[in-house]
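Undergrad: In order, the protein sequences belong to chains A and B. Taking full-length UniProt numbering, I'd label the letters of the first sequence as residues 1 to 100. Taking full-length UniProt numbering, I'd label the letters of the second sequence as residues 1 to 179.
Since the hints were made in silico from the structure, they are not lab data. Computed from a prediction, not measured in an experiment: that's the story for all the values here. Cβ coordinates follow ideal geometry from the N, Cα and C atoms, glycine included. Any given hint could be a false lead.
[Unchecked claim] Some chain A residues well away from chain B (every beta-carbon gap over 10 Å; in silico): (1) W14; (2) E49; (3) C51.
[Said to hold, decoys possible] Reference excerpt, derived from the structure (chain B facing chain A, CB under 10 Å, subset only): (4) T39; (5) N41; (6) Y57; (7) F69; (8) R171; (9) W174.
Okay, here's what each chain looks like letter by letter:
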Amino acid sequence: MKKDDWIKKMDETWENMDKKLHIDVPETDEMLQQISSGEKRYRERMHRELCGFIILACVLVSFYILIAVHITWAFYVLQIISIIAVVVLLLVERSKGRVT
Amino acid sequence: MEESAESISIENAKHDKSAFSQLFQQYYTFLYRYLFKLTMNKEMTEDLLQETMIRAYINLPKYRYQSKFSTWLISIATRLYLDEQRKKTRDRKRQQQLTENEKRKIKWELEQGNLDWSLHLDLFASLSIETRTLILLRHYYGYSLEEISAMTKLRKGTVKSRIHYALKKLREEWSDEKR
């Protein structure tokens with residue numbers, strides 16, 4: 001990789017920063033405590049997000065049923081929208097590596 | 001030999017919190033330095049580092065040795081940092097560039113920690129958060145464009161062009177300042 005003057009000077013600045021920066025590495029016990037509380041927080045957040053998603057899905061499905069029952073052509077439109085939504089969801093999940 | 005010792009530690013860390021914290025301690029300084037260069041703020045660095053540690057612990061069973069462990073950790077830290085900054089969409093300008101007030105605050109904090117604020121840092125801080133991350137990863141840490149692309153979830157071409165134009169801008173501003 002080609003390094004010009006500017007990059008060299010910037011590297012020097014960062015190296016200097018690394019040398020001067022005082023870092024206190026936490027003890028194992030402290031880390032364990034942080035992991036436990038953080039993990040709990042993370043699981044709670046995931047749980048909240050899942051609940052929110054389920055509520056949203058229920059609302060949308062109710063809306064879907066309501067429209068599909070009352071307007072005949074809307075049933076077909078909603079079918080197409082659902083198929084597109086599933087394809088988009090699968091593509092997103094595939095890009096994240098969760099679906100192959 | 002060293003690599004197999006590390007993979008043993010990683011395998012142990014997948015099942016044991018204590019082994020994980022010992023493993024993470026080895027990378028703590030490396031990650032701290034990286035995040036500090038991005039944020040230039042100790043509190044933010046420590047918060048991000050703690051979050052990185054938790055995410056790494058939770059996702060460790062998914063680690064498949066496709067990259068170095070340090071690269072994997074730096075990817076988590078980078079994504080967390082970028083996601084956090086992207087969430088701050090209400091104030092678009094703040095997301096794009098550091099304001100003068102923030103720069104002053106950072107300068108003051110660095111001086112308190114006996115660190116110098118150079119013209120280079122000043123120019124570097126004037127770039128957008130994403131571009132700063134890309135330049136740091138490419139030119140200081142030496143990651144390939146493919147690795148950076150995977151870390152930041154940006155296309156390889158986008159990474160390349162953003163680095164190119166940012167460096168061009170920096171060089172121009174630097175030569176203007178020198179005159």
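Undergrad: Less than 10 Å between beta-carbons is the criterion; does F69 of chain B satisfy it with respect to chain A?
TA: This interface hint is violated because 17 Å lies over the 10 Å limit.
Undergrad: Just checking, E49 of chain A versus chain B, shortest CB gap more than 10 Å?
TA: Label holds. Min Cβ-Cβ 14 Å, cutoff 10 Å.
Undergrad: W174 of chain B was flagged as interface toward chain A. Is the shortest Cβ-Cβ separation under 10 Å?
TA: Holds, because the Cβ-Cβ distance from W174 of chain B to chain A comes to roughly 5 Å (cut-off 10 Å).
Undergrad: Is the nearest CB of chain B more than 10 Å from the CB of C51 of chain A?
TA: C51 of chain A clear of chain B: closest Cβ-Cβ about 19 Å, beyond 10 Å.
Undergrad: Regarding the hint that Y57 of chain B lies at the interface with chain A, is the smallest CB-CB distance below 10 Å?
TA: holds, 5 Å
Undergrad: Any Cβ of chain B at or closer than 10 Å to W14 of chain A, or is the non-interface label fine?
TA: Given that some Cβ of chain B is not farther than 10 Å from that of W14 of chain A, nearest at about 6 Å, it is violated.
Undergrad: Would you check whether N41 of chain B satisfies its interface hint, that is, whether its CB is within less than 10 Å of any CB in chain A?
TA: With a closest approach of 12 Å, the N41 of chain B hint is violated.
Undergrad: Does T39 of chain B meet its interface restraint, that is, does its C-beta lie within less than 10 Å of any C-beta in chain A?
TA: T39 of chain B check fails; min Cβ-Cβ to chain A is 12 Å, beyond 10 Å.
Undergrad: Should the hint that R171 of chain B touches chain A count as held when the rule is a Cβ pair under 10 Å?
TA: holds, 5 Å
Checked against the numbered hints given earlier, this structure breaks hints 1, 4, 5, 7; the rest are met.
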